[in-house]
Amino acid sequence: MSRLLTMTDVWIEGRADEVWNPIINGINLHLDKGEVLGLIGESGAGKSTMGLAAMGFCRDGVRISKGAVDFDGIDLLKASAGRKRALLGKRIAYVAQSAAASFNPAHRIIDQHTEGPVQHSVMSRSESERDAMELYAKLRLPHPEEIGFRYPHQVSGGQLQRAMTAMAMSCRPDLIIFDEPTTALDVTTQIEVLASIRDIVTQFGTAAIYITHDLAVVAQMADRIKVLLRGDEVETAETRTMLSHPKEDYTKSLWAVRDFVRPAKPAVHTSATPVVSVQGVTAAYGKVDVLHEVSFDIHAGRTVAVVGESGSGKSTAARCITGLLPPRAGVIEFDGVVLPADYRKRNKAQLRQAQMIYQMADTALNPRKTIGEIIGRPVQFYMGLRGREKRRRVEELLDQIELPAGQYFERLPSELSGGQKQRIGIARALAAEPKFIICDEVTSALDQLVAEGILKLLARLQDELHLSYMFITHDLATVRSIADEVVVMKDGQVVEQGPKAEMFTPPHHPYTDLLLSSVPEMDPDWLDTLLAERGIDNIGDAAINKID
Amino acid sequence: MSVWVQIVGVLMACLALGWVFQFAGEKITDGTPFFRDMPLSVAFGYVLGVVVLIWIVWSYYLSRTLAAPEVNKYFFFRLAIEGFVLFSIAAWLFRLLGRTVGTRATKKLFRQMPLTASFGLMTIGIYALLAIFAGLLAPYGQEQIIPGVAANIPPGADPAIGGNADFPLGTDQIGRDILSRLIYGAQNTVGIAFVTTCLAFVLGGTLGFLAATLGGWLDQVLSRFIDVLMAIPSLIFALLLMTIASAWAGSQSGMLTVYMVLIIAVIDSTRVFRLARAVGANIVVMDYIEAAKLRGEGLGYLIFKEILPNATSPLLAEFGLRFCFVFLTIAALSFLGVGIQPPLADWGTMVRDLAQFINFASFAPQVASAPLLAAGAIALLTVAVNFVVDWMLQKSSGLKE
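Taken in order, these protein sequences are the chains called A and B. Numbers 39 to 586, taken from the working numbering, label the letters of the first sequence in order. Numbers 702 to 1102, taken from the working numbering, label the letters of the second sequence in order.
With the rest of the complex left out, here is chain A:
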């Protein structure tokens, strides 16, 4: 195989506060024709920056300070703007993380698809349209003849991601850069996109750089894996070697993340009053019912994981419990007492007992308030502590979430990392001294190592403070590690519920089975095995439709 892309000793810097800070520190990378390279690492490792640099491109405020990028004999860093323009889109293509944000919502999909080939004079408009339909069919999009004539908002997220892959393919490039193409998708949809991408890449012999933070995904896609950490290369190896014999400690720690599992707790006494009891709740946005007769109990000191895809009603159930969305029918009981449906009618003690931790710590913390103020407010509001007592309590809470109080008290949220922000969110919930905490996808925006730290912290707090959790998630690995009981939801209904051990052993409800089997595993043959078992036409949407 011949060499397609060579990046030698690339140094990249980003400008912040009037100084240039290093982002990438002298990384070498090479890619042969038709090869797929996986780039993995935590957020901030420089994966995306490296991916863009492979196209000779930098974001604003970023510069390639040293090194060379050689694409098929062309030095991309020295090439003129015109030369690069002729290359990008035609021979090098890019697939972004969020297809929904990358498509122009004002134009039809096929109009955006044909733009590239026509611009680069690869095909005429009508040829390109025919070709688009073929590509759509190859990517197994439904109704390939007409789906291109829809607007981006008229197709689902997974379909849009595949349409974007088709668009990247439109000029038959030699190299495609995939920047986290499935991160924003549900597991069941993810498989579909993964299978499609892999198929089309092998079919056309396209080389690819596949950027992701999900090891199991990269194991399915890549021939070779390169691990990055804060701009430095940790190691590079063939996928199988890397998975079976990682050399560096950091890589090993990445591999070990999914091993954290809490020991099972004894079964709940049947006569015990649950802390929270959701009874026959039906709720609606406007006239459309989004929850149908949902019932489940959460007992003291237990974690109930609510799983399901986006749109299954998990978060709506949480909104009903908090009182943000008063249910149309059914009641919420707290310690055996019926709670008022609307949060405005609940008293301070009732509000204090149930707290919430949010998915996006960025929007959950007021960016203009210091950590001391954020955690101090509920302390003052509920406990009536002021001055020195308040400060002592806040420091105690910071101690509980394993952050040194002295350093963080005066900081603003923007000065913290994602994991630290999430810890502050936990501390704010704890400050109310609640019995029950709703965790809404608290780890899904975090890197795996950081997420593991958060899960361990939550587990420890539960043991120490005897808390009950309602843990909303779509990630079954998280469920496996932290849950005591599992509630599976689909289309606003509870499909199956029970203790974790029961839920993870067959026989399952077909939907639970689908969810479980769709979670990527570290085994590089997992996707092939799964496809062989289920058949190519029985994954993703098709499989879900079959259950209905």
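Check each hint, because a few of them may be wrong.
Claimed, not checked - Derived BS3-like pairs: lysine-lysine, alpha-carbon spacing no greater than 30 Å straight-line:
1. Lys728(B) <-> Lys104(A)
2. Lys407(A) <-> Lys994(B)
3. Lys994(B) <-> Lys383(A)
4. Lys386(A) <-> Lys994(B)
5. Lys1096(B) <-> Lys459(A)
6. Lys407(A) <-> Lys386(A)
7. Lys407(A) <-> Lys809(B)
8. Lys994(B) <-> Lys494(A)
9. Lys1006(B) <-> Lys386(A)
10. Lys728(B) <-> Lys116(A)
11. Lys407(A) <-> Lys459(A)
12. Lys994(B) <-> Lys473(A)
13. Lys1006(B) <-> Lys459(A)
14. Lys473(A) <-> Lys383(A)
15. Lys386(A) <-> Lys473(A)
16. Lys285(A) <-> Lys104(A)
17. Lys459(A) <-> Lys290(A)
18. Lys1006(B) <-> Lys407(A)
19. Lys459(A) <-> Lys994(B)
20. Lys459(A) <-> Lys428(A)
21. Lys473(A) <-> Lys1006(B)
What the hints assert, rightly or not - A short list of chain B residues far from chain A (calculated; beta carbon distances all over 12 Å):
22. Phe776
23. Phe778
24. Leu797
25. Tyr828
26. Ala829
27. Leu830
28. Ala832
29. Leu837
30. Pro856
31. Leu919
32. Trp949
33. Arg975
34. Ala1033
35. Asn1060
36. Met1093
Calculated from the structure, these hints are not laboratory results. Backbone N, C-alpha and C fix where the C-beta goes; we use that ideal spot for every residue, glycine too.
Given chain A, put chain B in place with the hints provided.
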């Protein structure tokens, strides 16, 4: 016709020169990306800029060397150039001062400050000083008619055209000192504009945040009412209300000023309402607001402790702009005769009173500059405030990143 041919000819020449510039640059520097990737339009821009610069320098040279009648054509041009250079140097020195004197925080602020912002800050500072210490700084009273002094002494203190060194900016149509009136005008016009803007912000901001937080029918009622107010052209509306108000106020000119403040505040609060509501609506959907609501916080805490701190930068920027508009409205109303009432000095009134001298511009530019002094004071403050606002916006958007 020939003028157009000349202009087109010059532009074509610029285009040709631009091409030569880019080509030569690429050859001489051996293909640096700067020249290599330069589009023809950009090269054309560079050449055009140089041509304009040469023209400015040449015109300034003419304005210093030509004799009496021709030089009048260049009088205001010369003034503008000299003023520009003078203010630039002053702003640069002001920034230098800020960098060496003061606390560490202010030093850092001045180090990162563009020249425009330091010009703006300096100008606003000077205006503020003039307004506060008007009584001490002004050589005469604002209403004082000095006995034995002629009316309409031209500015410039040039005895050849009837100037008087005791009145460097001349006297107005009934013999009052223009310099003193300009200084008092800062107090009246700027002071009243500031009060009015603050009032408009308290009113519009509070209602806007309330509408954003509570939503529902209150939002609908308030927003539609504001829409109705905004549908009426603001100056005409203000004029109409001022006419009514002057009937109410009768002979008390003090009351009329109070009415004017209220009227302009209400009319301008509609714009503030729109902004506050839009900004507030974006903040209200954040999870930290939901968390505060679920904590059981009251409306006051939500608005002033959670929403307001996140809305300060757009509101502050709007404050600067709104201040300019209010200030111009007051000047306009005074110019039309319903604003600040004589004998109080006001820049708008001063422009109106001396307006007929503008006709002298072509043959006696110094005389014509009398009404333009007050107009220039208005323009300078407006530009200064806008520079500062731009700078603050840039800073706050940098923070968001």
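Violations among the numbered hints: Violated hints: none; all satisfied.
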